[in-house]
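Undergrad: As a plain string of letters, each chain reads:
Number of protein chains: 2
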Amino acid sequence: MPTYDRLKGFRDFYPPEMAVRREVTDTLESVARRYGFREIDTPRLEPAEMWTDKSGDDIVDELYAFEDHGGRHVTLSPELTPTVARMYAAKAQELSKPVKWFSTRPFWRYEAVQQGRFREFYQTNIDVFGSAEPEADAEVLATAADALTDLGLSADDFEFRVSHRDILGSLLRSFDADVDVRAAIRAVDKSEKVDEAEYLDLLHDAGLEFDRAREFDDLLGVDDPADLDELTDFAPNSEGLADAVGNLREVLAAADDFGVGEHCDLSLRTARGLDYYTGAVFECFDATGEIGRSVFGGGRYDDLIEEFGGQPTPAVGVAPGHAPLGLLLERAGVAPDATIETDYYVLQVGDTRPTAARIARDLRARGHVVESDVSDRSFGAQLNYADSINAETVVIVGEQDLANDEVTLKDMASGDQTTAPVDEFPGGLDRPTFDDFA
Amino acid sequence: MPTYDRLKGFRDFYPPEMAVRREVTDTLESVARRYGFREIDTPRLEPAEMWTDKSGDDIVDELYAFEDHGGRHVTLSPELTPTVARMYAAKAQELSKPVKWFSTRPFWRYEAVQQGRFREFYQTNIDVFGSAEPEADAEVLATAADALTDLGLSADDFEFRVSHRDILGSLLRSFDADVDVRAAIRAVDKSEKVDEAEYLDLLHDAGLEFDRAREFDDLLGVDDPADLDELTDFAPNSEGLADAVGNLREVLAAADDFGVGEHCDLSLRTARGLDYYTGAVFECFDATGEIGRSVFGGGRYDDLIEEFGGQPTPAVGVAPGHAPLGLLLERAGVAPDATIETDYYVLQVGDTRPTAARIARDLRARGHVVESDVSDRSFGAQLNYADSINAETVVIVGEQDLANDEVTLKDMASGDQTTAPVDEFPGGLDRPTFDDFA
Numbered sequence: 001m002p003t004y005d006r007l008k009g010f011r012d013f014y015p016p017e018m019a020v021r022r023e024v025t026d027t028l029e030s031v032a033r034r035y036g037f038r039e040i041d042t043p044r045l046e047p048a049e050m051w052t053d054k055s056g057d058d059i060v061d062e063l064y065a066f067e068d069h070g071g072r073h074v075t076l077s078p079e080l081t082p083t084v085a086r087m088y089a090a091k092a093q094e095l096s097k098p099v100k101w102f103s104t105r106p107f108w109r110y111e112a113v114q115q116g117r118f119r120e121f122y123q124t125n126i127d128v129f130g131s132a133e134p135e136a137d138a139e140v141l142a143t144a145a146d147a148l149t150d151l152g153l154s155a156d157d158f159e160f161r162v163s164h165r166d167i168l169g170s171l172l173r174s175f176d177a178d179v180d181v182r183a184a185i186r187a188v189d190k191s192e193k194v195d196e197a198e199y200l201d202l203l204h205d206a207g208l209e210f211d212r213a214r215e216f217d218d219l220l221g222v223d224d225p226a227d228l229d230e231l232t233d234f235a236p237n238s239e240g241l242a243d244a245v246g247n248l249r250e251v252l253a254a255a256d257d258f259g260v261g262e263h264c265d266l267s268l269r270t271a272r273g274l275d276y277y278t279g280a281v282f283e284c285f286d287a288t289g290e291i292g293r294s295v296f297g298g299g300r301y302d303d304l305i306e307e308f309g310g311q312p313t314p315a316v317g318v319a320p321g322h323a324p325l326g327l328l329l330e331r332a333g334v335a336p337d338a339t340i341e342t343d344y345y346v347l348q349v350g351d352t353r354p355t356a357a358r359i360a361r362d363l364r365a366r367g368h369v370v371e372s373d374v375s376d377r378s379f380g381a382q383l384n385y386a387d388s389i390n391a392e393t394v395v396i397v398g399e400q401d402l403a404n405d406e407v408t409l410k411d412m413a414s415g416d417q418t419t420a421p422v423d424e425f426p427g428g429l430d431r432p433t434f435d436d437f438a
Numbered sequence: 001m002p003t004y005d006r007l008k009g010f011r012d013f014y015p016p017e018m019a020v021r022r023e024v025t026d027t028l029e030s031v032a033r034r035y036g037f038r039e040i041d042t043p044r045l046e047p048a049e050m051w052t053d054k055s056g057d058d059i060v061d062e063l064y065a066f067e068d069h070g071g072r073h074v075t076l077s078p079e080l081t082p083t084v085a086r087m088y089a090a091k092a093q094e095l096s097k098p099v100k101w102f103s104t105r106p107f108w109r110y111e112a113v114q115q116g117r118f119r120e121f122y123q124t125n126i127d128v129f130g131s132a133e134p135e136a137d138a139e140v141l142a143t144a145a146d147a148l149t150d151l152g153l154s155a156d157d158f159e160f161r162v163s164h165r166d167i168l169g170s171l172l173r174s175f176d177a178d179v180d181v182r183a184a185i186r187a188v189d190k191s192e193k194v195d196e197a198e199y200l201d202l203l204h205d206a207g208l209e210f211d212r213a214r215e216f217d218d219l220l221g222v223d224d225p226a227d228l229d230e231l232t233d234f235a236p237n238s239e240g241l242a243d244a245v246g247n248l249r250e251v252l253a254a255a256d257d258f259g260v261g262e263h264c265d266l267s268l269r270t271a272r273g274l275d276y277y278t279g280a281v282f283e284c285f286d287a288t289g290e291i292g293r294s295v296f297g298g299g300r301y302d303d304l305i306e307e308f309g310g311q312p313t314p315a316v317g318v319a320p321g322h323a324p325l326g327l328l329l330e331r332a333g334v335a336p337d338a339t340i341e342t343d344y345y346v347l348q349v350g351d352t353r354p355t356a357a358r359i360a361r362d363l364r365a366r367g368h369v370v371e372s373d374v375s376d377r378s379f380g381a382q383l384n385y386a387d388s389i390n391a392e393t394v395v396i397v398g399e400q401d402l403a404n405d406e407v408t409l410k411d412m413a414s415g416d417q418t419t420a421p422v423d424e425f426p427g428g429l430d431r432p433t434f435d436d437f438a
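Protein chains in written order, with UniProt numbering: chain D, 1 to 438; chain H, 1 to 438.
I should point out that these hints are in silico values taken from the structure, not numbers from a laboratory. Hints may contain errors.
Put simply, identical chains are the same to the list, so a pair is met inside one copy or across any two.
DSBU-like, lysine-lysine: derived pairs with alpha carbons at most 35 angstroms apart [as the list claims (entries may be wrong)]:
| # | residue 1 | residue 2 |
| --- | --- | --- |
| 1 | Lys410 | Lys8 |
| 2 | Lys54 | Lys193 |
| 3 | Lys8 | Lys54 |
| 4 | Lys54 | Lys410 |
| 5 | Lys410 | Lys97 |
| 6 | Lys410 | Lys91 |
| 7 | Lys8 | Lys97 |
| 8 | Lys8 | Lys91 |
| 9 | Lys190 | Lys8 |
| 10 | Lys91 | Lys54 |
Build out the structure end to end from the sequences listed, making use of the hints.
TA: Structure, rendered in structure tokens:
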């Protein structure tokens with residue numbers, strides 16, 4: 001009699017935990033649908049080359065990669081982007097632009113397990129392809145903000161820290177044309193996680209003199225869009241800087257028009273760790289600071305479709321991870337209810353199955369969650385079970401009641417009982433309860 | 001500029017294909033919920049030993065198995081049962097019985113790709129644990145039948161062929177105590193797929209004399225529950241036969257009470273290929289015969305939880321595969337609509353973004369699917385896009401209209417237009433259309 005354990009970093013979702021995840025998923029997806037994002041789904045396994053061809057990516061060391069029975073080098077997907085890039089490239093001609101897609105699915109990375117981080121983790125990816133306009137960036141911000149609001153979070157609970165890769169890049173190049181921009185941006189991404197000396201060291205390693213590194217970091221302290229002129233005043237000849245500042249302002253202005261301005265804060269030090277971002281980027285943070293690290297992030301990645309074999313295609317997206325989002329909901333006291341709910345339990349006493357089954361069927365036809373006895377149990381055992389599944393109403397179908405053409409309705413919260421004519425139950429009522437017959 | 005292809009036997013679901021799968025999934029899950037099945041979710045990757053420890057199973061050759069970075073022998077799950085058995089065993093004490101779980105997820109098998117069969121395939125598993133009563137079997141049949149009915153299929157479209165493993169086993173042993181029951185049952189499972197000579201050969205290989213094989217097969221021709229007495233009359237001393245016949249009759253009687261008797265046909269030759277079934281089993285077939293092979297199946301497997309390390313626990317379940325079910329829906333002409341639908345497109349002309357955004361936001365707050373321009377496009381390009389996403393109503397927010405405090409509503413089906421006061425749109429209306437203002 002062997003026993004098996006699940007793998008480390010993987011989770012079993014029993015009904016209570018699944019009810020929470022279901023509510024988070026449904027809310028994210030419902031908001032995405034209302035914005036006109038369309039659901040897609042994608043293979044869980046892909047050619048490993050989609051990741052390994054790009055050398056130097058940390059992700060490669062974390063792949064669940066292997067050789068399949070046909071000798072193909074394959075991997076469980078660690079992220080969605082290469083797959084949607086592949087799908088977009090395959091049908092770019094016939095797709096109506098902009099393409100707006102969402103999907104919820106697990107991804108896998110072999111990495112250290114910690115609170116809110118697992119080796120198998122769920123994300124809802126929401127992306128716009130084919131628009132370089134600031135309204136596309138703002139629509140992604142608005143979709144994410146509305147989803148968090150629908151989950152019960154307010155502006156006191158979360159903030160989107162918005163930055164811009166081209167501002168960072170232009171500024172860096174204005175200091176030193178030979179600076180390693182990607183390394184410097186990775187340093188900015190780490191600035192909140194390491195002490196100042198280490199941060200400045202990292203910028204120095206990327207090619208900035210220490211004085212310049214300090215100056216650069218000072219400039220990143222601008223936190224009011226009106227003050228972004230300080231940057232262009234500082235480096236008036238920096239190629240692309242004025243355009244980037246203008247673009248970030250337009251993104252924030254569009255987010256204002258879209259009704260989510262209160263959730264967006266200018267925060268140039270929010271750089272996003274991944275190399276592939278190209279324009280506006282943002283990260284969602286716990287506004288109280290209790291959860292120190294980023295909950296999720298998103299941004300513009302205009303070069304990636306082309307890298308994966310497509311025509312040059314602007315793109316912007318966001319990918320809330322359900323586990324870190326769950327931590328934020330818990331911190332804010334608005335985590336979805338993990339309680340199992342049941343509208344009716346139809347309790348059989350004696351040989352009443354045909355009538356009990358008819359009633360259960362009629363109630364289900366009205367869309368209700370209805371259970372009945374499938375274990376040949378006693379009255380008391382059935383009532384205990386009805387209690388364990390939080391049944392709201394128990395319909396007792398007993399031989400004696402039936403002899404009087406009645407059933408008994410028991411309100412489980414109060415314990416109150418009353419009878420109802422069996423032929424009129426549920427009858428014309430959509431959701432009959434104790435109160436309808438008391 | 002590399003291009004990548006998806007793996008053979010894996011599918012990309014673009015929005016139209018996904019809309020179909022979503023409808024099938026939602027219907028199956030909605031019916032399961034109404035019957036009080038609770039959603040769970042499970043790791044996609046499991047210790048490979050959960051399958052390889054049971055030698056001789058065909059499934060082992062089809063595993064996507066490999067060694068992870070930690071040296072664990074792991075596999076993508078080819079089926080759900082060992083996983084739910086593991087989960088049930090881990091919490092058997094605290095779970096309220098019967099345990100009724102469902103989940104929708106992909107599974108993976110490296111096998112030949114054919115119509116309706118893929119290497120990555122989706123199933124909705126629906127199981128009852130902890131009841132050996134015929135009502136549990138019947139509830140699984142009723143849930144499956146109601147789901148197919150909700151998908152638009154009628155009794156003319158599908159039938160559940162119901163058999164019983166213990167009837168087959170008892171009968172076989174009554175012919176010859178040394179017969180290889182599992183091999184003989186596998187032969188029965190193949191009887192419709194091979195010619196008679198081959199079928200009789202297989203029974204012979206399992207240990208039945210040819211005459212006995214023919215006699216056995218004749219007995220399996222019983223197709224009316226009332227005639228099941230022929231079996232007990234034939235082998236009155238066969239151990240377990242009378243009980244098995246009684247159990248099958250009770251399952252069918254309960255299915256009648258549960259309102260799905262018309263979908264259930266006695267068909268002893270329906271044996272199910274898998275070894276682990278122990279009692280009533282069934283397969284869903286296309287009633288017209290156009291699709292020759294089984295669409296999906298289910299049945300009782302009372303020994304499996306124990307085999308996977310749990311206490312002895314009766315269990316019964318069904319697992320509709322979405323791809324073969326989709327073929328049946330297509331054959332019956334009731335496949336879900338693959339068309340993208342959009343309630344409103346809010347079209348901007350000139351500098352009207354704040355008002356257009358406000359209207360889009362108000363309509364989304366009412367739950368509608370609403371798109372607006374995120375690509376800075378012309379009137380004509382926006383109208384073409386609105387048409388491509390099948391927008392029902394286009395709300396034209398133009399500078400001139402706004403000067404008159406109006407917006408224009410265009411009904412896309414008729415092309416009719418009218419104006420509405422901008423301050424009253426959408427106002428108190430839940431789903432305003434052309435007709436409300438014409």
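Undergrad: For each hint, tell me whether it holds in the structure or not.
TA: Now the hints, each set against the structure:
For a Cα distance limit of 35 angstroms, the shortest separation of Lys410 from Lys8 qualifies neither inside one copy, at 45 angstroms, nor across copies, at 56 angstroms. For a Cα distance limit of 35 angstroms, the shortest separation of Lys54 from Lys193 inside one copy, 27 angstroms, qualifies, whereas the shortest one across copies, 49 angstroms, does not. Taking identical chains as interchangeable, the C-alpha atoms of Lys8 and Lys54 lie at most 35 angstroms apart whether they share a chain (28 angstroms) or sit on different chains (23 angstroms). For the homomeric pair Lys54 and Lys410, neither the shortest alpha-carbon distance inside one copy (64 angstroms) nor that between copies (49 angstroms) is at most 35 angstroms.
Taking identical chains as interchangeable, the C-alpha atoms of Lys410 and Lys97 lie at most 35 angstroms apart only when they sit on different chains, with a minimum of 21 angstroms there against 56 angstroms within one chain. For the identical chains of this complex, Lys410 and Lys91 are inter-copy neighbours only, at 30 angstroms across copies versus 58 angstroms inside a copy, given an alpha-carbon limit of 35 angstroms. Proximity of Lys8 to Lys97 under the C-alpha cut-off of 35 angstroms is restricted to the inter-copy arrangement: shortest distance 28 angstroms between copies versus 42 angstroms within a copy. With identical chains, the CA atoms of Lys8 and Lys91 are at most 35 angstroms apart between copies only, with a shortest distance of 18 angstroms across copies and 38 angstroms within one.
In this assembly of identical chains, Lys190 and Lys8 lie within 35 angstroms of each other by CA distance solely inside one copy; the values are 28 angstroms within and 41 angstroms between copies. Proximity of Lys91 and Lys54 under a CA criterion of 35 angstroms is satisfied intra-copy only: 23 angstroms inside one chain copy versus 44 angstroms between copies.
Consistency note: the structure conflicts with the earlier hints numbered 1, 4.
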